[in-house]
Structure formats: C-alpha cells, structure tokens
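Trainee: Now for the letters of each chain:
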Amino acid sequence: MKNKQDKPGSASSSSGSDGGRGRDGTKGTIDREGQIKLGVLIRRMYEADLQKPAPDTITDLVKQFDKTKVELTDEDSRS
Amino acid sequence: MSLDNQTRDSILAAIPNLRAFAISLSGNVDRADDLVQETVLRALANIDSFQPGTNMPAWLFTILRNLFRSEYRKRRREVEDATGMYAESMKSQPEQASRLEFEELRLALAQLPDDQREAVILVGASGFSYEEAAAICECAVGTIKSRVNRARNRLAELMSIEGLDDFGPDQETRAVLTADN
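The listed protein sequences correspond, in order, to chains A and B. All residue numbers for the first sequence refer to our numbering, where the first residue is 941 and numbers rise by one. All residue numbers for the second sequence refer to our numbering, where the first residue is 3 and numbers rise by one.
These aren't lab readings, by the way, just hints derived from the structure by calculation. Each residue gets a CB set at the ideal place from its N, CA and C atoms; glycine is no exception. Some hints here could point you the wrong way.
What the hints assert, rightly or not - According to the in silico footprint, chain B covers these stretches of chain A (three or more CB under 8 Å from chain B):
{"#": "1", "segment": "970–982"}
{"#": "2", "segment": "995–1004"}
Stated by the list, open to error - Residues from chain B shown here face chain A by an in silico Cβ test under 10 Å; the list is partial:
{"#": "3", "residue": "Arg10"}
{"#": "4", "residue": "Ile13"}
{"#": "5", "residue": "Asp35"}
{"#": "6", "residue": "Leu43"}
{"#": "7", "residue": "Leu46"}
{"#": "8", "residue": "Arg108"}
Claimed, not checked - The following label-pair restraints were derived from C-beta to C-beta distances:
{"#": "9", "chain 1": "A", "residue 1": "Gln1004", "chain 2": "B", "residue 2": "Cys141", "range": "33 to 39 Å"}
{"#": "10", "chain 1": "B", "residue 1": "Glu73", "chain 2": "A", "residue 2": "Asp996", "range": "21 to 27 Å"}
{"#": "11", "chain 1": "B", "residue 1": "Asp11", "chain 2": "A", "residue 2": "Pro995", "range": "14 to 20 Å"}
{"#": "12", "chain 1": "A", "residue 1": "Pro993", "chain 2": "B", "residue 2": "Leu109", "range": "46 to 52 Å"}
{"#": "13", "chain 1": "A", "residue 1": "Thr997", "chain 2": "B", "residue 2": "Cys141", "range": "31 to 37 Å"}
{"#": "14", "chain 1": "A", "residue 1": "Thr997", "chain 2": "B", "residue 2": "Gly144", "range": "35 to 41 Å"}
{"#": "15", "chain 1": "B", "residue 1": "Gln53", "chain 2": "A", "residue 2": "Arg983", "range": "27 to 33 Å"}
Please construct the entire structure, taking both the sequences and the accompanying hints into account.
Mentor: What follows is the structure, encoded as structure tokens:
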C-alpha cells in the first residue's frame, strides 16, 4: 500500500477539469481546494473508524487459526 | 499446521483497515463486522492461494470487496434504511467536533454508486495506489481514476463544499488545509 505509483491529484490523475455533466449527472469538477478539503474529511472519517477496536471474535479467528481444523467446502475452495 | 507468524501478523494488521473499508461500504458497523469476519474466514480457508511476499492487504481487500458485492449489496438494498437504522447508526460515529461532518459525508457516500464509493475509499482513505485499487476492483486503472473523479465531484455536490468555513472551527483540519495551500 505504500508504493503509490499515481497519487490522487497528480498530473496523471483524471481529476482535472472536464466540465459539463457526467453520465452520473454530476456537474463539472471540484477545484483543488475542494479536493483537498474532501480528501482530508474522507481520511479523517476513515481514521476515526480505524480507531474502533475490532471485535475479539474476529482477531481470535486469526490468532487461534489451526489449519488442520479447517474443513474446506467446495465454495471456499473456489474463492 | 498453523499460520506462520508473519502471515498471521499481516492478517491481524490488516483487520482495522478492512473494518474501516467495510464500514464505508456497508454504512453499518454490525454488517461491517460480519463482512470482515467472513473475509477472514475465507482468507484463512484459502491461505494456500496467497503468495508470500505479495500484497496481503490488497488480497484481503479483494476478498472483502467481492463478498460485499456478491452478498451484502443485495441485503443493503433490501433494507434501504426503511426503519431509519442506517441514519441512526450514523449518529453513533466519532465523538469529535467534526461528528456532524462525518455524518454528512457518510450519508453522501451512501448515495454514491457502489463502484464509485469503493474507489474513492480505496484510493482516498485506505492508502492504495490507483493501480492497486484497480487490481482489487478488477478493472482498468483508467476506470478507477474515472470513478474516483466522479465520486469526488458527486460528494462535493452533495455536501455543497465551497469554502473553508464549510468545515467549521476544527483547528486540525484548518491546519492541514493551510499547510497544503
């Protein structure tokens, strides 16, 4: 996740101005300041979610995983 | 045979991110926990298919995203907030000055098409590159860029983001914005 080849907002990103309405009905594009504001808000919301501890039931699944006790179903094998 | 420590640690380390992504996708903490638990179970059952040295978070996110799209999306539409539970769950979000902003953002995110929502979260919050997000979503890099761009524009429109004051008196946000500008 660390090696970003093409970061949002970079020159090669498609976040530049394209004007008009897109197929989804949105109009135009937001400017750089708007992008930054929105980006900050999204990251902060996400980081707030990161702070919430996951239920022990989930982490225990990993900590106590013993492969010899796992019985694969056909469905599992296909995923 | 048990998991080797490195694999176990990498899965454990990814769980908070998986959960945050799942919350963003589903808009519901309980459903997100179910989704993460199912993802972990699926990953453990198929751990032999993971190639050591490759991107564990991306592998797990791919499993979670596919599970969501195949199962949880249907459920979400079935309950489309008919009882107001979704809106209520938004109220239990972070106890910070920006809680209302988060609620507004979550409600706006919920109005995005699934493909746009996952794209903007993967790239804008989870820390994946466009290339990694494209691999997770099994589409072209250009498609991810387009989805992120549309998502940003739509979110800005829904949230009426225009000026710095839209973010209220939050010092941290203002500091970041000032530094970036």
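Trainee: Range hint 21 to 27 Å: satisfied by the CB atoms of glutamate 73 of chain B and aspartate 996 of chain A?
Mentor: holds, 24 Å
Trainee: For the hint on leucine 43 of chain B, just tell me whether its beta-carbon gets within less than 10 Å of chain A.
Mentor: holds, 7 Å
Trainee: According to a criterion of three or more residues whose C-beta lies within less than 8 Å of a C-beta of chain B, is the segment 970–982 of chain A covered?
Mentor: holds (count 11)
Trainee: Are 3 or more residues of the segment 995–1004 of chain A near chain B, judged by a Cβ distance of less than 8 Å?
Mentor: holds (count 7)
Trainee: Within 35 to 41 Å or not, the Cβ separation of threonine 997 of chain A and glycine 144 of chain B?
Mentor: Hint holds: Cβ distance 40 Å, inside 35 to 41 Å.
Trainee: Starting from the hint 46 to 52 Å, judge whether the C-beta atoms of proline 993 of chain A and leucine 109 of chain B obey it.
Mentor: Violated, at about 25 Å.
Trainee: Using the nearest Cβ pair, does leucine 46 of chain B come within less than 10 Å of chain A?
Mentor: At 5 Å from the nearest chain A Cβ, leucine 46 of chain B passes the 10 Å test, so the hint holds.
Trainee: Does the interface hint hold: is aspartate 35 of chain B within less than 10 Å of chain A, judged Cβ to Cβ?
Mentor: Holds, because the Cβ-Cβ distance from aspartate 35 of chain B to chain A comes to roughly 6 Å (cut-off 10 Å).
Trainee: So, isoleucine 13 of chain B near chain A? Judge it on the closest CB pair being under 10 Å.
Mentor: Check passed: Cβ of isoleucine 13 of chain B comes within 5 Å of chain A, closer than 10 Å.
Trainee: Tell me if the interface restraint on arginine 10 of chain B is satisfied: Cβ within less than 10 Å of some Cβ in chain A.
Mentor: Hint holds; arginine 10 of chain B Cβ to chain A Cβ min 6 Å, cut 10 Å.
Trainee: Between glutamine 53 of chain B and arginine 983 of chain A, is the Cβ distance one that fits in 27 to 33 Å?
Mentor: About 30 Å separates the Cβ atoms of glutamine 53 of chain B and arginine 983 of chain A, which means 27 to 33 Å holds.
Trainee: Indicate whether the distance between the beta carbons of glutamine 1004 of chain A and cysteine 141 of chain B respects the range 33 to 39 Å.
Mentor: Roughly 36 Å apart at Cβ, these two residues keep to the hinted range, so it holds.
Checked against the numbered hints given earlier, this structure breaks only hint 12.
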